[in-house]
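Colleague: Protein chains in written order, with my numbering: chain A, 73 to 270; chain B, 73 to 270.
Don't take each hint at face value.
Note that the list lumps identical chains together, so a pair holds whenever it fits in one copy or between two copies.
With a Cα cut of at most 30 Å, we get these calculated DSS-like pairs of lysine-lysine [unchecked claim]:
#1 Lys185 with Lys199
#2 Lys218 with Lys185
#3 Lys160 with Lys225
#4 Lys199 with Lys218
#5 Lys156 with Lys213
#6 Lys223 with Lys213
#7 Lys168 with Lys225
#8 Lys156 with Lys75
#9 Lys75 with Lys213
#10 Lys258 with Lys185
#11 Lys185 with Lys119
#12 Lys119 with Lys168
#13 Lys75 with Lys258
FYI, nobody ran anything at the bench for these hints, they're computed from the structure.
The primary structure of each chain is shown beneath.
Number of protein chains: 2
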Amino acid sequence: MNKIITIGREFGSGGRTIAKMTGEQLGIPVYDNELLAKIAEESGFAKEYISEKSEHTSLGDLVARGLSGFGNYTQMTADAYLWKMQRKVIIELAEKEPCIIVGRCADYILRDKADCLKAFIYASLEKRAERITTVYGDVSKETPEKRLRDKDKRRGAFYSYYTDMAWGDPHNYNICLDSGALGFEKCRDILCSLYTEK
Amino acid sequence: MNKIITIGREFGSGGRTIAKMTGEQLGIPVYDNELLAKIAEESGFAKEYISEKSEHTSLGDLVARGLSGFGNYTQMTADAYLWKMQRKVIIELAEKEPCIIVGRCADYILRDKADCLKAFIYASLEKRAERITTVYGDVSKETPEKRLRDKDKRRGAFYSYYTDMAWGDPHNYNICLDSGALGFEKCRDILCSLYTEK
Chain A
73 MNKIITIGRE FGSGGRTIAK MTGEQLGIPV YDNELLAKIA EESGFAKEYI SEKSEHTSLG
133 DLVARGLSGF GNYTQMTADA YLWKMQRKVI IELAEKEPCI IVGRCADYIL RDKADCLKAF
193 IYASLEKRAE RITTVYGDVS KETPEKRLRD KDKRRGAFYS YYTDMAWGDP HNYNICLDSG
253 ALGFEKCRDI LCSLYTEK
Chain B
73 MNKIITIGRE FGSGGRTIAK MTGEQLGIPV YDNELLAKIA EESGFAKEYI SEKSEHTSLG
133 DLVARGLSGF GNYTQMTADA YLWKMQRKVI IELAEKEPCI IVGRCADYIL RDKADCLKAF
193 IYASLEKRAE RITTVYGDVS KETPEKRLRD KDKRRGAFYS YYTDMAWGDP HNYNICLDSG
253 ALGFEKCRDI LCSLYTEK
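Generate the whole structure from the sequences, applying the supplied hints.
Modeller: Below you can see the structure in the form of C-alpha cells.
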C-alpha cells in the first residue's frame, strides 16, 4: 500500500509551496498543476477549464453567491462528469505510487485509504493578504482581503457540495498547520516526520 | 517573556493527557485542575462549582439547548464575575512562568501574547467514544456519542459566547492535532519540538 499525503490549503497560505518542499525532502512526486494535466487528458476538457472548474462548481458558485433557482443543467452535468474524472485520476495516482496530492478534495476521495496522511494548511487573513500581494502582485482592483474571502467562499462551497463536510473543519484532517505562525520549514519538517514514522 | 503552550481539547481526545506528557518532557508545569484551585482561591467560589461553570456558562447552556428568554440575571452576573477571575488567573500564570494551560479559553485570553503556542487536540467521534468508555467507564445512561455531542455543544457555546469565535476553528490555533490518528506520543513530540525551536 502506498503512503500518500493530501494537502488541503487556503488560498495564500503557501500550502502548495509547503507541498513542494515536503515532496523534495521525501523524494516523492507532488501533484498539483500536474493533476490538472492528467484530469484534462482523462476528461477531454481543456486544462484551463479544469483549473477554473475543478475546485469551483457552477452550483458551488451559486451557493457561494447566495443565489438559487433552476441553474444550468448542462453545466451541472459537465460538473458531475468532471468530478467523476477527478476522482478517478486521484484514486489511480494513489494506487500507483507514494505521492503528495494538493487540493481537489483528495482528502475526502481517499478518506478510507489507511496509509494516507491528511493535512490542512491555513494562515491568518493578514498573513495571506501579505503573501498574495508579494507572490501574485497587486493585479486586482479588489483588496487582497476581499479576494481571499471570495476564494475561501468558493472553495468552501465546492468542498461542501461534493463531500457533505465543512471545508477547513479539523475533523476532516489528521493535522492542521498555521503556516503563518509556524513557518514553511517547520510545516515541512512536521509533515516529513509524520510520513516517515507512520 | 515566558513561553506558554495553551491546549484546547475536545472531550475524550486525550488533550489533558497529552498536555501532561508534554509538560513532563519539557519540565514545565501544566495547569488544568490546578487552575480550578487557583480560580477558586481568587473568586471565593467552590472548586466543584467552578469545574461545572468555568467552561459552561448558564447562558451558554441556554444557547446550546436552543432556549431563549430573559434568563437568570443573578446567574449571569456570577458567570461574568467568574470569567473575570478566570482571565486574571490565566494572565498572571502566563506572566509568572513558562507553563502549559489546558482549556478555559486560554488561547483567546492570551491571543496577543507573542510567545504562546496555541494547540487544539481533537479526534473522531468513534475514537473519543472508545476512550471515554475506557477511561471514565460506562457510567451514564446515555450512549458515549450522545455524551460527547452534548459536551462539545456546551464547550462550543461557552467558547463562542466569551470569544466571539467558533470553537475548534483552526484559525484560533497555531496547530490542530488529531490524537486518534497520530497517537499521543507523536502529538507530544510535535508540541515539544515547536516549543523548543520557537
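Colleague: Next, verify each hint and record whether it holds.
Modeller: Evaluated hints:
For the homomeric pair Lys185 and Lys199, the shortest alpha-carbon distance between copies (17 Å) is at most 30 Å, but the shortest distance inside one copy (33 Å) is not. Proximity of Lys218 to Lys185 under the C-alpha cut-off of 30 Å is restricted to the inter-copy arrangement: shortest distance 28 Å between copies versus 36 Å within a copy. Proximity of Lys160 and Lys225 under a CA criterion of 30 Å is satisfied intra-copy only: 26 Å inside one chain copy versus 37 Å between copies. In this homomeric assembly, Lys199 and Lys218 come within 30 Å of each other (Cα to Cα) only inside a single copy, at 14 Å, whereas the closest approach across copies is 39 Å.
When the C-alpha separation of Lys156 and Lys213 is checked against a cutoff of 30 Å, the pair qualifies neither within a copy, at 35 Å, nor between copies, at 44 Å. With identical chains, the CA atoms of Lys223 and Lys213 are at most 30 Å apart within one copy only, with a shortest distance of 15 Å there and 46 Å across copies. For a Cα distance limit of 30 Å, the shortest separation of Lys168 from Lys225 qualifies neither inside one copy, at 33 Å, nor across copies, at 42 Å. Taking the shortest Cα distances, Lys156 and Lys75 sit within 30 Å of each other inside one copy (23 Å), while across copies they are farther apart (48 Å).
Neither within a single protomer nor between protomers do Lys75 and Lys213 lie at most 30 Å apart by alpha-carbon distance, with minima of 42 Å and 41 Å respectively. In this assembly of identical chains, Lys258 and Lys185 lie within 30 Å of each other by CA distance both inside one copy and across copies; the values are 26 Å within and 20 Å between. For a Cα distance limit of 30 Å, the shortest separation of Lys185 from Lys119 inside one copy, 28 Å, qualifies, whereas the shortest one across copies, 46 Å, does not. Taking identical chains as interchangeable, the C-alpha atoms of Lys119 and Lys168 lie at most 30 Å apart only when both belong to the same chain, with a minimum of 22 Å there against 57 Å between chains.
For the homomeric pair Lys75 and Lys258, the shortest alpha-carbon distances inside one copy (21 Å) and between copies (18 Å) are both at most 30 Å.
Going down the numbered hints, you'll see the structure goes against 5, 7, 9, while the others check out.
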